[in-house]
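Required output: the full structure, derived from the provided sequences and hints.
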Amino acid sequence: MMKIRRTPDRSAGLMKIGIDAMGGDNAPSSVIEGVAMYLDKNSQDSVVLFGNKNVIEKVCVEKIKDLSRVEIVDCREKIEFDDEPVRAIRQKKDSSIVVGLKYLKEKQIDAFVSAGSTGALMAGGLLIVGRIQGIDRPALTTKLPYKDGQYLLIDVGSNTDCRPINILQFAQMATVYVSKIIGKNNPAVGLLNIGTEENKGNELSKQSYEILKNAKNINFVGNVEARVLPFSPPDIVVCDGFVGNIVLKLTEGFGLLFFDLLKDIAKSSFKAKIGALLLKPYFKKLKGRYDYKEVGGAPLLGIDGIIIKCHGSSDGQAIFNGINQAKAFYENNVLELLKEEITAESEV
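Numbering (this note's numbering), first residue to last: 61 to 408.
Bear in mind the hints are in silico, worked out from the structure with no lab data behind them. Treat the hints loosely; a few may be bogus.
Stated by the list, open to error - Okay, derived cross-link-like pairs now, DSSO-like style, lysine-lysine, Cα gap no bigger than 30 Å in a straight line:
#1 K123 with K276
#2 K309 with K323
#3 K125 with K138
#4 K244 with K276
#5 K118 with K387
#6 K153 with K101
#7 K244 with K125
#8 K207 with K345
#9 K123 with K327
#10 K153 with K118
#11 K331 with K309
#12 K323 with K207
#13 K101 with K345
#14 K276 with K260
#15 K138 with K162
#16 K203 with K118
#17 K276 with K162
#18 K387 with K125
#19 K203 with K344
#20 K266 with K244
As the list claims (entries may be wrong) - Derived DEER-like restraints, expressed as beta-carbon distance ranges:
#21 N392 with R147: 23 to 29 Å
#22 N393 with K125: 28 to 34 Å
#23 G335 with K273: 46 to 52 Å
#24 R147 with V281: 37 to 43 Å
Note that the Cβ used here is the ideal one computed from N, Cα and C, for glycine as well.
Listed below in structure tokens is the structure:
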């Protein structure tokens, strides 16, 4: 049996990442596969796995080479996707999400990565870790593809009902994130709406437009329609979580449809099969640009700790990329920069 360390070794000053080993459709196998990939490429970092010790140990022995950099915290409960989030956080105290977030709150880990319930992760982030001072509501954000690259969409599902101040803070947090993680200075921010005119949309859209237009610390470029998102969106597209989640899932759906149609065409005739064989390397490259696995996860911005939410159906590659997002967030000091930005805006 592998040795389980009970207290994190912080003496090296390197990153220690908490992982919800029981979160996601393919847990714990795919989660630990992603952890193994990460540890192979980051020889000084270590991880803390939260979940059922007996199950996790067996998979770790099979997949991870250096077990000395792995700590397991035994959690006997699991939050299911259909659990009511707040109730689950309050009642399932020994779940991998609750215990992992407590470790994050107590700074025993530097970040927490989970492919589990989005609602529970959001509720736990608020109730256990807490918000950045000045932030009204945290938000999930993710990168989505367009013709020439990727843009950032925020919020993608954590807040279905919003006020204009929420939309403004989403834009502020996303601006810091894009500047520091993606490296795009002064990124353009667009408000997702049903038209480009200033007076378009519902009351939330109209009021949000006014507050965004007058903000000093974002590069607001006006309204943006959904039909331009696949072709020429601004660097950041901001909206409430209800609309954002629909955009996210529609984008994923169309991506799957597109490649299914390509497969059908490729099988339609002998000539098509030959053409598809010749184009296979290019199709593979194209698919990589539109695959959620390459994005890895969505950072939960506005929580006073680094939390990365991975897709529920994540495989090892997606978990690996999600952990890498946490590392980039940590190394670029994004959390402190977010705090500074919100504080500076509130003092204006």
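Hints and how they fare:
1. At roughly 50 Å between alpha-carbon atoms, K123 and K276 are farther apart than 30 Å, so this suggested pair is violated.
2. For the hint linking K309 to K323, the alpha-carbon distance of about 21 Å falls within 30 Å, and the restraint holds.
3. A hinted pair counts as satisfied when its Cα atoms are at most 30 Å apart, and K125 with K138 qualifies at roughly 27 Å.
4. A threshold of 30 Å between alpha carbons decides the hint, and for K244 with K276 the separation of about 18 Å falls inside it, so the pair holds.
5. Restraint check: the Cα-Cα separation between K118 and K387 comes to about 26 Å, which is no more than 30 Å; the hinted pair holds.
6. Restraint check for K153 and K101: not satisfied, since their Cα atoms lie roughly 33 Å apart, outside the 30 Å limit.
7. Restraint check for K244 and K125: the C-alpha separation of about 37 Å exceeds 30 Å, so the hint is violated.
8. At roughly 13 Å between alpha-carbon atoms, K207 and K345 fall within 30 Å of each other, so this suggested pair holds.
9. Annotation: proposed proximity of K123 to K327 is violated, straight-line Cα distance about 37 Å (limit 30 Å).
10. Distance check on the hinted pair: K153 and K118 sit about 24 Å apart at the alpha-carbon level, within 30 Å; holds.
11. This hinted pair does not check out: K331 and K309 have alpha carbons roughly 34 Å apart, beyond 30 Å.
12. Taking the CA atoms of K323 and K207, the gap is near 21 Å; set against the 30 Å cutoff, the hint holds.
13. For the hint pairing K101 with K345, the CA-to-CA distance comes to about 23 Å; that is within 30 Å, so the pair holds.
14. Among the hinted pairs, K276 with K260 is consistent with the structure: their alpha-carbon atoms are about 23 Å apart, no more than 30 Å.
15. For the proposed pair K138 and K162, the alpha carbon gap of about 15 Å is at most 30 Å, so the pair holds.
16. For the given pair, K203 sits about 34 Å from K118 by alpha-carbon distance, which is inconsistent with the 30 Å threshold.
17. Distance check on the hinted pair: K276 and K162 sit about 36 Å apart at the alpha-carbon level, beyond 30 Å; violated.
18. Between K387 and K125 the CA atoms are separated by roughly 21 Å; this keeps the pair inside 30 Å, and the hint holds.
19. Of the pairs offered as hints, the one joining K203 and K344 holds, with about 19 Å between alpha carbons and a cut-off of 30 Å not exceeded.
20. As the CA atoms of K266 and K244 are separated by approximately 27 Å, the hinted pair is consistent with the 30 Å bound.
21. Between N392 and R147 the C-beta distance comes to about 36 Å, which lies outside the given range of 23 to 29 Å.
22. Between N393 and K125, the C-beta spacing of about 31 Å keeps the proposed range 28 to 34 Å intact.
23. Distance hint for G335 and K273: a CB-CB separation of about 50 Å, consistent with the stated range 46 to 52 Å.
24. For R147 paired with V281, a C-beta distance near 41 Å keeps the hint of 37 to 43 Å intact.
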